Amino acid sequence: MNRLRARLSSLALSVALAAPLATPAGAQAPAQTVPAFWFEGAPLAFERAAPLNGDVAVGMHDRGLLRFLSRVGATIAYGEQQRYVVIAASDRRTIAFVIGDTRYTSGGSAMRAAFAPFAQGGDVELPFIALARALYVEPIAIPGQTILEPELGVMDVRPDGRRTIVTLHAATPIAAHTIVDQSERLQVVFDGVGTTLLPARKIGGAIDEIDVFATGNARAPTATVTFAGARGTVHAVASASPYEFTVVFGPPGVSLDPRPSAAAPVAAVPQANAPQPYPTDIPAVGGPPASYAQPTPYAAPESPAPAASAPAPAVVGGVTFLPGDDAFSVHLTINGSAAYSWHRLLDDRWYLDLANATLTDAGHDERPESALVDAVRVRQIGTPDAPVVRIAFTLKGDRRVEAAPSGDGLTIAVSAAPADEQARTGTGSVGGAAVEPAPAAVATDPPVLAGPWKFGSGATLPVSGSRVIVLDPGHGGGDIGTAHNGLIEKLITLDIARRVRALLAAEGWIVKMTRDSDIDPYNPALLPGMQSDGLPNASDRAYLQTRCNVANDANARAFVSIHINYSPSSAPSGTTFYYTKPQDVALAQALERAVIPVAGTVDDGVVHANYYVTKHTTMPAVLVETAFVSNPGDAAKLADPAWLAAIARGIAGGIDAYARLRPQTSRADQ
Amino acid sequence: MRAVRPALLAVFFLVAVAAAWYFVSHRAGVGDAITVYYTKNDGTTEVPWRVTIGAARDLPSVAFYAATQAVAGPPQGVDAVRFPATTRVLAARVSPPTVTVDLSNDVDASAQGGLLETGEFKGLVWTMTALPGITTVAIRIDGRAVATLPGGHLELDEPLTRASF
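Taken in order, these protein sequences are the chains called A and B.
Quick note on this note's numbering: the first sequence kicks off at 1 and runs consecutively.
Quick note on this note's numbering: the second sequence kicks off at 1001 and runs consecutively.
It is worth saying that the hints were derived from the structure and are not from the lab.
Computed from a predicted structure; not experimentally measured.
Keep in mind that a hint or two might mislead.
Cross-link-like lysine-lysine pairs, in silico, DSS-like; alpha carbons within 27 Å at most [what the hints assert, rightly or not]:
| # | chain 1 | residue 1 | chain 2 | residue 2 |
| --- | --- | --- | --- | --- |
| 1 | A | Lys615 | A | Lys581 |
| 2 | B | Lys1040 | A | Lys615 |
| 3 | B | Lys1040 | A | Lys581 |
Working from the sequences, and respecting the hints, build out all of it.
Right, here's the structure in full:
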């Protein structure tokens, strides 16, 4: 019945359009007129259209045609000096016309139009009726006008293991309401669309049959579809686009996610397992990009407590150097209580940070006559709110260093014995202060980590890049990166980078960040000549080159850019290490070895890519896509501060391991 | 024997005409279909598929057609990395060994991670470089050379080759 109605309408339209051509020669032929088209309850007016061979010629730039295409979710493409006009439909089919040829293809099927498209006045005239039908819009002629009726154009039934997936595709965005919704039976009414689809019987698999019938009229069509599942099946409804309606039938316990590699069934995902909003200060994202809430100023989990609640700083009132034949000691006289952390570096340097402590003098630089110690430096560092006293040793070879609290302070003793290879950091306290874990103590003091502080015999040398690591938290400012599942890339990358910075600084690296706040850095000096509109825009070289220059100018040892990945499909997950230059590979492999075990993500491998920041940095550089925000499992990880800390350990460990494999060859390089 | 000779000459003539027609119609190296590549959801694996082309076989037309097919991607339901649905090919200008593909700025929505961006352009570059005489692909967005997509990763203002991925 559906097909019969369509054929009658088509015949009527053909007769109407062909009638003027059939007028006998010499007779008073009526003027050929284009029928009045109606589409979705409103007239569809073309700027210029003409009947031709039973179709209607419409220019591809005609605003009426473009409005029609926009409504059906199609785009049209044509390039000068070539002959194809290609229309991409909302269901990803392409309809390709060739200028001068009546043959055209629709989704790979060969068709023939009433006339060949032709160029005229800078435009290309297309057979509109043929095009409309290819886009699932059926012209229905009624006296005086032609109604363009959107159709349910395709019913795709796919058996997929124990389940059956049915996808209906309509010409216009679907407005559906359910009449019957039982586990084995689903009846849906689609408003505003007709159909010429035929019922499907004896389908087999998880669906027995699908019944389709059209109701209403050309001006207000409806289509009703009834799905009869096999005995004992259940179903779930999904849709990948506004033009699609997808239902999956299958036995209980089988994933009803219509995607082929689904990680979890749609209906079976319990709410408790849904990714939780990022717990620090990242607002949940619930709307389109335009409605993204402006994030509140970032505060890393390691940030120190407000100064008002902090205890009074301890005072380091005296520093005494005690050289000896088989030992070298330094005694700090301390009034008050303070926690400390110590760190042994890979190149025979050792330092201790006394947190929340002040130095009463300007500091000390000592070059003792000692077989064990080359130099000692004591300095006040940190900030007024979080003062730190640091004492640092440059040792002569592999020496053991021990810190021992005493009644009036702290004694640090260097002995000739070799250092314990396993002990590279530790914590303690003076005067009963609470002991903080070493990384946290470092993390409270960003100025120390990013600053040009140096010690030892190389202190008089200018800061150079060989001990500099540059971290690049991806995106920032107006460039939010990807945002899904309540997670915003630019904020998470900054969080991870800050954690990595703290860990690397604890290992003695000088860490620079391309950004340390919610900004998208660019250097205005790079703008001239790099854009055509005179205004900065996000595609300009100035943005990413600015990030590269942070590392290039510092002659950094390594550059690591931190990102979050995304896919329209929820299936992809894992961590990818992208490189461009041959010298990047070793760093990428070191990162891969260190990150994957601690992050627990799928190893997506070391992958070559033509990425800007890895290409335009002069040192080994890697872009790490840490996890997929679009994958439920990965998104849950990204929302978990413990996981962020874990992957930060992995990234820091990878960088450290890479640099350790390639030790300094000259102290002058430092 | 004399009677057979004209027949043999006629057959020879027909064969020669058929061969000439075949040579002329296939001299551009483009047959009835072109190979279009799409990238699987793993972001790296390229899958070829054959797409029938129409009567226009000149290289500029075929290049434009190939670009539109690559941007449209494989049929719905195929597991593939895809350009944003509204992305259009504005032009494909051929100057062997380079083809310059001009895309509408709808492609900006791709810049949501390395996988998506790399996968889309990898499929496009592999498709275009499958055409005879084409080895590099220059990208323009709304007619403009850009360093990257806004917020993107991939460098786009230098011609891409298969080795870029």
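Notebook entry, point to check: Against the structure shown, which of the earlier numbered hints fail to hold, in ascending order?
Noted result: none
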